[in-house]
Structures are given as C-alpha cells and as structure tokens.
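Visitor: Listed in order, the protein sequences are those of chains A and B. So the first sequence is numbered by this note's numbering: it starts at 1 and just counts up by one. So the second sequence is numbered by this note's numbering: it starts at 1 and just counts up by one.
For the record, the hints were derived by calculation from the structure and aren't laboratory data. Cβ coordinates follow ideal geometry from the N, Cα and C atoms, glycine included. One or more of the hints may lead you astray.
No farther apart than 20 Å at their CA atoms in a straight line, the calculated lysine to aspartate or glutamate pairs in the EDC-like style are these [claimed, not checked]:
(1) K126/B to E306/A
(2) K209/B to E306/A
(3) K305/B to E386/A
(4) K307/A to E273/B
Below, a sample of chain B positions facing chain A; criterion: calculated Cβ distance under 8 Å [unchecked claim]:
(5) H108
(6) K111
(7) L120
(8) V150
(9) C168
(10) F173
(11) M175
(12) W187
(13) T249
(14) L275
(15) R278
(16) N306
These are the residues of each chain, in order.
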Amino acid sequence: MENNEKQLLKEFAPQIERTSVQGYVWILFLLSVIGLGVYAFIQQVTKGHIVTGMRDNVVWGIYIVNFIFFMGVSYAGALISGTLHLFKTAWRKPVIRMAEFITIISLLIGPCYILLCIGRLDKLHYLVLHGRIQSPITWDVIAISTDIFGCFIFLYLAVLRDLANMRDFEELQLPKWRKKLYKALALGYTGTEEQKKRLERATNIMATMVIAIAIIVYSVLAWIFSVTLQPGWHSTIFGPYFVIAAVYSGSAVLIVAMWFFRKVYHLEQYITKKHFVAVGLIMLVLAAFFGYFTFSDYLTKWYGSEKNDELLIQLLFKEFYWPFIISNYVGVLLPLLVVGIAKLRTITNITLAAVVVIIALWLNRYLIVIPTLQSPYLPIQDSRPEWSIYQSTWVEWSLTAAGIAMFCLLFTLASKFIPIVNVAGNTQESNPDDVLV
Amino acid sequence: MEEEQNNQKNSRRQFLKKGLLAGAGVAVGGGLLNAYSENPSGESGEKVKVLTTNGEIMEVDKAKLKLPRVSIEEAHKGIPGKKFVMVIDLGKCKNARKCVQGCQKAHHLPKSQEFMKVYLLQDSEKTSPYWFPKPCFHCDNPLCVSVCPVGATFKRTDGIVLIDNNRCIGCKFCMTGCPYSTRVFAWKHYPEYDEDKEPYSPEASSPAKEGTVSKCDFCPDLIRVGKVPYCVSSCPMGVIYFGDVDEDTVTNGTETFKFSELIRDRAGYRYLEVLGTRPCVYYLPPVDRQFPVDRGFNDLDESVKNRYINTPYAKKHKL
Chain A
1 MENNEKQLLK
11 EFAPQIERTS
21 VQGYVWILFL
31 LSVIGLGVYA
41 FIQQVTKGHI
51 VTGMRDNVVW
61 GIYIVNFIFF
71 MGVSYAGALI
81 SGTLHLFKTA
91 WRKPVIRMAE
101 FITIISLLIG
111 PCYILLCIGR
121 LDKLHYLVLH
131 GRIQSPITWD
141 VIAISTDIFG
151 CFIFLYLAVL
161 RDLANMRDFE
171 ELQLPKWRKK
181 LYKALALGYT
191 GTEEQKKRLE
201 RATNIMATMV
211 IAIAIIVYSV
221 LAWIFSVTLQ
231 PGWHSTIFGP
241 YFVIAAVYSG
251 SAVLIVAMWF
261 FRKVYHLEQY
271 ITKKHFVAVG
281 LIMLVLAAFF
291 GYFTFSDYLT
301 KWYGSEKNDE
311 LLIQLLFKEF
321 YWPFIISNYV
331 GVLLPLLVVG
341 IAKLRTITNI
351 TLAAVVVIIA
361 LWLNRYLIVI
371 PTLQSPYLPI
381 QDSRPEWSIY
391 QSTWVEWSLT
401 AAGIAMFCLL
411 FTLASKFIPI
421 VNVAGNTQES
431 NPDDVLV
Chain B
1 MEEEQNNQKN
11 SRRQFLKKGL
21 LAGAGVAVGG
31 GLLNAYSENP
41 SGESGEKVKV
51 LTTNGEIMEV
61 DKAKLKLPRV
71 SIEEAHKGIP
81 GKKFVMVIDL
91 GKCKNARKCV
101 QGCQKAHHLP
111 KSQEFMKVYL
121 LQDSEKTSPY
131 WFPKPCFHCD
141 NPLCVSVCPV
151 GATFKRTDGI
161 VLIDNNRCIG
171 CKFCMTGCPY
181 STRVFAWKHY
191 PEYDEDKEPY
201 SPEASSPAKE
211 GTVSKCDFCP
221 DLIRVGKVPY
231 CVSSCPMGVI
241 YFGDVDEDTV
251 TNGTETFKFS
261 ELIRDRAGYR
271 YLEVLGTRPC
281 VYYLPPVDRQ
291 FPVDRGFNDL
301 DESVKNRYIN
311 TPYAKKHKL
C-alpha cells in the first residue's frame, strides 16, 4: 500500500468502523419505508392488482415508470464511469465509485418494478422455460441479466484494489468476520506488476463492454414501447431518446449523491466545486441532447398531426400541462442555465438543478407511458372513472417509496463497507485544480 | 345394424373424451347434435338456437348441450381446413347489447369484463355517428401474438387467436400491443372463475384466472360443433355474421350470404386497415339504417349510458 493510500484509509476509517446515532436513525427510517412497501406488496399479492390504479386501458402505471427510471439511472453510472475510465479522466477518482454504486444498486432495484406489473409471479419461470425470442420482453430479460452480470464484474474489478487495501490496513477496528470477508474478496491481490497489468486490462475490457451493454439494454427497453402501434410510442427515435434520457437522469443522480456524501462524510477536501462543475457539464451536454430528442419527437407528432397523435398532444397540453412543462421545458432549460452561466455555477445551484432534473425525468417517463395508454385508437368509453383515467394508489406509491428507500439503504451500507471515494491510485493526478476547465 | 350405429356413436364419444376431436369430422352431417347430448339430467327449460352445418336452425335444450373440450395441445392447432371470418353490419346495430350479454353469460364473465364492446363512434364532426360492436379482430398479423414472451397467446391455422391462461404470466404486453383495446385483464379473483371444474382448455368458455389476460375467442368450442358464436346467436337484429372464408359463406343464423359478394356489394371494410394488422372481422358501413342512432340510448342501464355521455354526439344532443 502506498503512503497516500494509507493516509486516505485512515481518514475514511471512522465512517467504516462506526455508525453515528443519526446514521442508525436514518437506516431505521429507510427500513420502515421498505417495511411499508413490503406491506403494500403483500396487499397486492393477496388482493390482486385491483389494489393498484392500473386497469384495462392503463395496464402499466408508475411501476413501469419506476422501472424505466431506475434502469436509466443505472445506465448513467455505467456510461459515466466506463467513459471516464477509458478516457483516463484525471478528476474521476473521487466520484467514480459513487457512479459505480449507482449503477449496481439501481440495476438491482429497477427490474423489481417490472415484476410488480406481472399478474402471475408464480409463473415467472415460464419466461425461461417457454421464452420466445420474437418477444421484446425476452430481449429485455436477456439484456438486463447480461447487464447485471457485466456491471457486477466491472464494479468488482473497480473495487478489487481497495478490498486489498482494506485487508492490509491493520489499524482498522472491525469484527473478525469483516476482515475475513475483505481477505476473501480481495482474491489475493497484492499489487504485483503482473496483477496490476491484468487488472488494468480486464477493467478496460469491462468498461467498454459495460458501455455497449448499457446502450443495448436501454434501447431494448425503449423498443418494448416503440414496437407497438400505440400513438406516441410507435416512434423510431425512442431507442436513442431513452439512452440519452437515461444518462441524463444518471448524471443528475450522481450529482445529488456527491452532494450527500460530501456533506455526511465531510469529503469537502476530495469532492470540490470542480467535480460538481465537471459532472454538471456532462449533465449540461446531456440536457441539450435530451431537449433536442424531446423536441424532435413531439414536433413530428404535432406537425403532421395524425388524428391520434393530435389527441395525445391535446391531452399532454391539457390534463398533463404542468408535468409536461416541468419535464420537457424546466427539466431541459434549468441545467442549461445553471451550469451554462458561470456565475450561477455553485455547488448548491448545480445540486438543485440536478434534483429538478431527476423529478423532470421521472415525469418524462410518466408522460410517455400514461397519456398514451389513456388515448388508444378506439376512444375509451367507460362509465367507471378509474377505468379511463389512471389514478395511482397508495400501494403503488408505497412501493415507489420503498424502492427509493432501498436505493438509499444499499448506498449507505455500501459506503459502510468500502470507502465511497476511490482510495487506490487516488494520487496527485486526481487533484482537480490541475486538470479542469 | 342398430348395434353397429351405437358402437359408432360410442367410439365417437370416446374420441371426444380423449380430447382429440378433429373439427373436420364434426362439421359434416346433420346428426351432429346427438353426439353432444350427453347430459341425461333432464331439461333446463332454456332453449338455445343452434345452426346446423346444413344451414338449418334448431332449438335445443341448453342442458342437453355439452361442448367438446379439446386438450391444450389440440387447441393450438385450429380446426383443419377452416378460416373463420366475421362480418358486422353497422347499418343494423341499435346498441341492444344482447351480443355483450350473451357473450358474458356464456363465458361466465363478471360484469366488469366484456369481450364484446359496443362503441358509439363518429369519424368526424360532420359525419354520422354509429354503433360499433367490437369483438377481437383475430388479426392475421397479430401484434399481441408477436409480443407475447411465453407463447401464451397464439394464432391458429383457422385464423383464431387464442389465449392459454395456464401459460399466461400476466405481463400485459399483449394488451399494449393490441391497437383495438380488445384484451381484458383479471385484476382480482372473481368467484365466477371457480365454477369451472373440468380440465382447462383454451377453447372452453371458462373465465380467466386472476392475473391473466383474456379476450373474445370466436367461441371455438361452439364452432367445433357447427354452431355460431354466442354474440351472433344473441343478436336480435342479425347484425353479426360468422362464417368461413374458404367456403365463402357467412351467416347470422337467419340469412346466409356469400362472403365475397356481401363484402363486394356492401362495400365491406376492415377497421383501421392502415395499421396493417389484417383483421378477420369486416364491417359493412352504416348505410340504410334500420334505426336512428338515438334508439341505442333507449333502455340502457345508467352505468352503460354514462359511457357515452362524453362522446361529441351525446354532448351535442344532450342525450
């Protein structure tokens, strides 16, 4: 272990060794939110999907919105960390681990939401047993499982050196099993030249793979919608649009995560304004792309004004007016202004913009899924209001909250297991002052 | 001689029980019904109109009817040599809703599920509104079948698109795939589902299990014994015709037409042809109306009437 690594570990040791009272309260709070979600899930299983707001017209509700959202967030981590790694971006070291954690954690939570949409979980194995390759859902099953597998390997390679560091850091006051775990997980890595070379090569390969897989996963996800004939979904732009929206939302989540860990673990020294500006600039570029794709998609629908597209756009501008404005106007323009204008570029502003982007992107997916299902080719003629207009229920919201809580919990626990900032190789080069703007 | 006939009959019954009934063998001969009159428990008093393949209408006691239940495997194949088609004459529909009710009753559907729906459509502001009964279109290019991840919904050689509820995982992708809002989902457990005690068959009119998708099935169990679907026989106006494209015949139970001539002479069309789904259900345009559209608002339940109050037509005329 190099000296500066040891120095760093010493600094991070307290957060790994101890959990403060606030920390316990936080974990307890998250657990209770998850508990509520479990209760809601039991309700849904025992009483049927009737407890949700989904009905025969809007057959997919906020579950699928959450699914797209979490998968998108996961993609961001993969693309951002993969790209930063490949380009050897110097400032990446303090933030790259967070991006990797975001990827893995949201990748574990996202697919759970698709399971909540499925009527018969007892027959889930039919997806493998009777899988049909013609169905985009089968593509999705293959793509997501490959993605989870690939991202796990990538993350593991990325933390391997720090696992070895943890093993070698004797001063660490931890229970024996934890030390044994580090030893086992470090796979005998000692940092010999040969090991370094191999690790470097493997990480490079996986970084490339993870980027490619993530693009495929997110395109396949988009195709679930765009292969159908539904007005608003049947769009060729959906693949790349979803990919861009995904990285965009992920960059925002990364900024918010940076802000939290910086505050909670006092990382002001490592994560500086420069890092916020750097990730903020990534977010800015993606905001522009996202705005461009959104505009293209809606412009073509509106200009040609095919009957059903016109009805959809009317619906978006009437019933969904505010969500539409927030997601597709504020969600695009705010980051452009906040990060674009140098004077506005403060850590707080960038973080606030990121929070707005997260909300906007969630709403964006909501506006893709629900209004289309509410305006099918044959007009909905039903006297039951819940059958024609989607009203999400407490069950769906509890499970949404549970997903977010699980994300926070796993993130918290991960940061208790391994330093949230890359220790290995965190040397002079990562001093942002030398490299940035 | 008599004994020989009995033997034949018995062997036919066994054939049915084994679930290997081939439709072609059934669709010939007028003495068909006897083969299905297995219920000895007397008459229910409820008469059902039955169309023999000779084109004759017969009234039979409902209790005497026992429809064949083919195996799941057999239900995938379709009735050999057949290609079914439906023609709906919009000029005759007055929203009597007997097709909906007949279908619901026969399929043991809860009131909240309709395989046949009747819409009040108006193509544009100046055009005339009309009642539009809509079953499953049993498309020849069915997106619902393409997108199903487990092959629970399938297209048969006779054109029917069916669902195997034992296979369905309830992902609802077929529901978003169908551009005609045809499919219904069992959002909870309905007690109606428990009534069916016989082995499951995708062809049987048994209601779907909780968490699976179901829809109009063109009543293949009825077709196998040479009868027309329930919606056809329930309609008092003879709006719905059913038949075979290859035989070029369609009938509503009272009138029989050559399918090709009916489509040619009455300018038959398919709904939303532009989508390329190639439906097997044709419509005859709402001309020479037998009833004014308003008649469709008569004698409706409040809840059914409320379906139509937001249509431009109902709003304009304050119906």
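Visitor: Run every hint past the structure and note whether it holds.
Guide: Cross-check of the supplied hints:
1. A distance of roughly 18 Å separates the Cα atoms of K126/B and E306/A; the hinted pair therefore holds under the 20 Å criterion.
2. Proposed proximity of K209/B and E306/A is contradicted: the alpha carbons are some 38 Å apart, above 20 Å.
3. The hinted pair formed by K305/B and E386/A meets the criterion: a straight-line CA distance of about 17 Å does not exceed 20 Å.
4. Of the pairs offered as hints, the one joining K307/A and E273/B holds, with about 15 Å between alpha carbons and a cut-off of 20 Å not exceeded.
5. A least Cβ separation of about 18 Å between H108/B and chain A goes past the 8 Å threshold, and the interface hint is therefore violated.
6. Evaluation of the K111/B hint against chain A yields a violated restraint, the C-beta minimum of about 11 Å exceeding 8 Å.
7. Given the 8 Å rule on beta carbons, the hint for L120/B holds: about 7 Å separates it from the nearest Cβ of chain A.
8. Here the hint on V150/B is kept, as its CB sits about 4 Å from the closest CB of chain A, short of 8 Å.
9. For C168/B, the interface hint holds, since its Cβ comes within 8 Å of a Cβ in chain A; the closest pair sits about 7 Å apart.
10. Evaluation of the F173/B hint against chain A yields a held restraint, the C-beta minimum of about 6 Å falling below 8 Å.
11. With 8 Å as the threshold, the beta carbon of M175/B comes within range of chain A, its nearest partner Cβ sitting at about 5 Å, so the hint holds.
12. Taken as an interface hint, W187/B checks out: its beta carbon lies about 4 Å from the nearest beta carbon of chain A, inside 8 Å.
13. For T249/B, the suggested interface contact is broken, since its CB lies about 29 Å from the closest CB of chain A, more than 8 Å.
14. Satisfaction of the interface hint for L275/B is found here, the shortest Cβ-Cβ separation to chain A being roughly 5 Å, below the 8 Å cut-off.
15. Residue-level restraint check for R278/B is violated (minimum Cβ-Cβ distance to chain A is 13 Å; threshold 8 Å).
16. For N306/B, the interface hint holds, since its Cβ comes within 8 Å of a Cβ in chain A; the closest pair sits about 4 Å apart.
Hints 2, 5, 6, 13 and 15, counting from the list given before, are not met by this structure.
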